[in-house]
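Asks: One-letter residues, chain by chain:
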Amino acid sequence: MIAELPLPYPFELGFMQRALVAGLVVGLFAPLIGTFLVQKRLSLMGDGIGHVAFAGVGAGLLVGVYPLWTALAFAIVGALGVEWLRARRKAGGDLALALFFYSGIALGVVLASARGGLSVSVLGFLFGQPLTVDPAEIAVILLLGAAVVLVVVTLRRVLFAIVTDEEWSRVAGLPVRSMNALLATLTAVAVVASMQIVGILLIAALMVLPVATGQLLGRSFRGTIAVAVAVGVGSVILGLSASRIWGLAPGGAIVLVAALVFLIVAVVRHSIPGGFAVEVGGS
Amino acid sequence: MHSMARSAATDALAAALIDVRGVSFAYGSTPVVEDVDLTVAPREFVALVGPNGSGKSTLLRVILGALTPTRGSVRLLGRVPAELRDRWRLGYVPQRPTLAPDVPATVREIVTAGRLARSGWWRRLRDVDEQAVSHAMESVDLAELADEPVRKLSGGQQQRAFIARAFASEPELLVLDEPIAGIDAESQRRFRDSLVHLIRSHGAGVLLVSHELSAVSDVIDRVVVLKRTVQFDGPPERLVQEGVSLGVHPEDLPLWLEGLR
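Keeping their order, the protein sequence lines are chains A and B. Numbering-wise, the numbering used here puts 516 at position 235 of the first sequence, and it's gapless, one number per residue. Numbering-wise, the numbering used here puts 24 at position 41 of the second sequence, and it's gapless, one number per residue.
Excised from the complex, chain A in its bound form:
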């Protein structure tokens, strides 16, 4: 068990503290993975994989297997499938995603309804239930977060080279295929492990929105990651606070904060002479 910490309002209660820990971990590792996905033009990967995982949840419920395992299997196969289609140029990255995205959610709905209608618990996977996180789930997400951070930080240079210039990386002899597969698998694992806790919406959005702000403010790739992670973590704190104070849906509040941060940064940068305009007009 995790004891209640002496935190001030709105985080003085145990359930809020657990939501905060889970949210902070996701706020950290989602933008970390997302920065690489955005460079690959796979911003919607998290969302697409989430919907394939949703089909896995439906399949698990139908055949009576613990849904998280079937979701994980579906998500990994889906993520590698998107990567396979993209790498062989059978379909553009966005088209490959759309194929899996729509087939996944359709299959999920069909499978779940075959067993007797969409239940509330199925919808929980889409939007998450951060306020009902239990200590075991906290442990899972902490472990996962640590693993993702360790892998990405260790391999950041080679992942950077490959996601920004795949053609050159291949000629240079970098392990393009295995790193792409690794990134796809990491994304799938991250989405599935977080979806029951914070929901597909939150994990997928935190893979993209903070990165968009990072791209505006970061001069370097490192700086972009730092800004993205800071925005992710900050959005979780502000969003959870707002949800407690005004009784809002926590996942939605966090995502809206991240979107608002991007909007404000984009407007401010655009209105400062010599800011954004110079960067775009550089070449």
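If you're looking for bench data, these hints aren't it; they were derived computationally from the structure. In this text, a Cβ means the ideal position worked out from N, Cα and C, and glycines have one as well. One or more hints might be untrue.
What the hints assert, rightly or not - Straight line, CA to CA, 20 Å or less: simulated SDA-like cross-link-like pairs of lysine to any residue:
(1) A:Lys321 x A:Val434
(2) A:Lys321 x A:Leu463
(3) A:Lys321 x B:Asp85
(4) B:Lys135 x A:Arg500
(5) A:Lys321 x B:Pro77
(6) B:Lys135 x A:Ala547
To be verified - DEER-style ranges, computed between Cβ atoms:
(7) B:Arg109 x A:Ser552: 42 to 48 Å
(8) B:Glu121 x A:Gly405: 56 to 62 Å
(9) A:Val358 x B:Gly11: 31 to 37 Å
(10) A:Ser394 x B:Ala83: 40 to 46 Å
(11) B:Arg109 x A:Val358: 38 to 44 Å
Given chain A, put chain B in place with the hints provided.
Replies: Relative to chain A, chain B alone:
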């Protein structure tokens, strides 16, 4: 003439960086290159020229191992290209920056990527790697811009960053695909100087695929003119004398003829 070029090439074969013999490649039944011989030796600067659709890009892809020839043999640094392990020995500068225009990265980060295949991509960077990266940036005159975002640089400066990325692994062979198209004169001069530096100080060989040779015409050892088959292989001076009589139409290759006169 053609046989002279061949015998000169044979002498260099033992240590050839690129050794292409009798290579043909066809897409389906359409031949793109036919019976091509091409060598690049250490310290040699070879320019591969030809009009659009002459098969230059295809030949380059065959040399790099992205395509398998329909006939003939290719050795890249002594190996079948697709089986070359130590790929850091090859430095490659792609035709157009394959980087997205909004990529958030500094010059140093881009150039460091070029060191990975040599230093071990799973390893931490050591001092010697940092030095090689700094040296690569200095040799293309980008040291002061090392920590600037690449998206803020001019087209010519960006191209030099990609050349520095190729230099960072201290390659034995540098392959450049149309690197100077649309680059300002100042950047072209620095580009030439950096290639000369790589050849003279590091003993590397260079294969430059280009339309535009005026910036480097005084340092090229051999020009290879490709138009499906090799039309000419020899020193640039001789090409100026014999070029047109070889059946190469001047209007096909206006820029290099201008540069070589």
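Asks: CA of lysine 135 (chain B) to CA of alanine 547 (chain A), is that 20 Å or under?
Replies: Measuring from Cα to Cα gives roughly 18 Å; hence the hint holds.
Asks: Are lysine 135 (chain B) and arginine 500 (chain A) close enough, with their CA atoms no more than 20 Å apart?
Replies: holds (10 Å)
Asks: Is 31 to 37 Å respected by the C-beta to C-beta distance linking valine 358 (chain A) and glycine 11 (chain B)?
Replies: holds (34 Å)
Asks: Go ahead and decide if the range 56 to 62 Å is satisfied by the Cβ distance of glutamate 121 (chain B) to glycine 405 (chain A).
Replies: holds (57 Å)
Asks: Taking 38 to 44 Å as the hint, is the beta-carbon distance of arginine 109 (chain B) and valine 358 (chain A) inside that range?
Replies: The hint (38 to 44 Å, Cβ to Cβ) holds, given that arginine 109 (chain B) and valine 358 (chain A) are roughly 39 Å apart.
Asks: Honestly, do arginine 109 (chain B) and serine 552 (chain A) meet the 42 to 48 Å range at C-beta?
Replies: Check passed, 45 Å falls within 42 to 48 Å.
Asks: Between lysine 321 (chain A) and proline 77 (chain B), does the CA-CA distance stay at or below 20 Å?
Replies: Within the cut-off at roughly 18 Å; holds.
Asks: Evaluate the given range 40 to 46 Å for the C-beta pair formed by serine 394 (chain A) and alanine 83 (chain B).
Replies: holds (41 Å)
Asks: Hey, lysine 321 (chain A) versus leucine 463 (chain A), does the alpha-carbon distance stay inside 20 Å?
Replies: holds (14 Å)
Asks: Between lysine 321 (chain A) and aspartate 85 (chain B), is the straight-line Cα distance small enough, at 20 Å or below?
Replies: Between lysine 321 (chain A) and aspartate 85 (chain B) the Cα gap is close to 12 Å, so the pair holds against 20 Å.
Asks: Is the straight-line distance between the alpha-carbon of lysine 321 (chain A) and that of valine 434 (chain A) 20 Å or less?
Replies: At roughly 18 Å apart (the allowed maximum being 20 Å), valine 434 (chain A) and lysine 321 (chain A) satisfy the hint.
Consistency note: the structure conflicts with none of the earlier hints.
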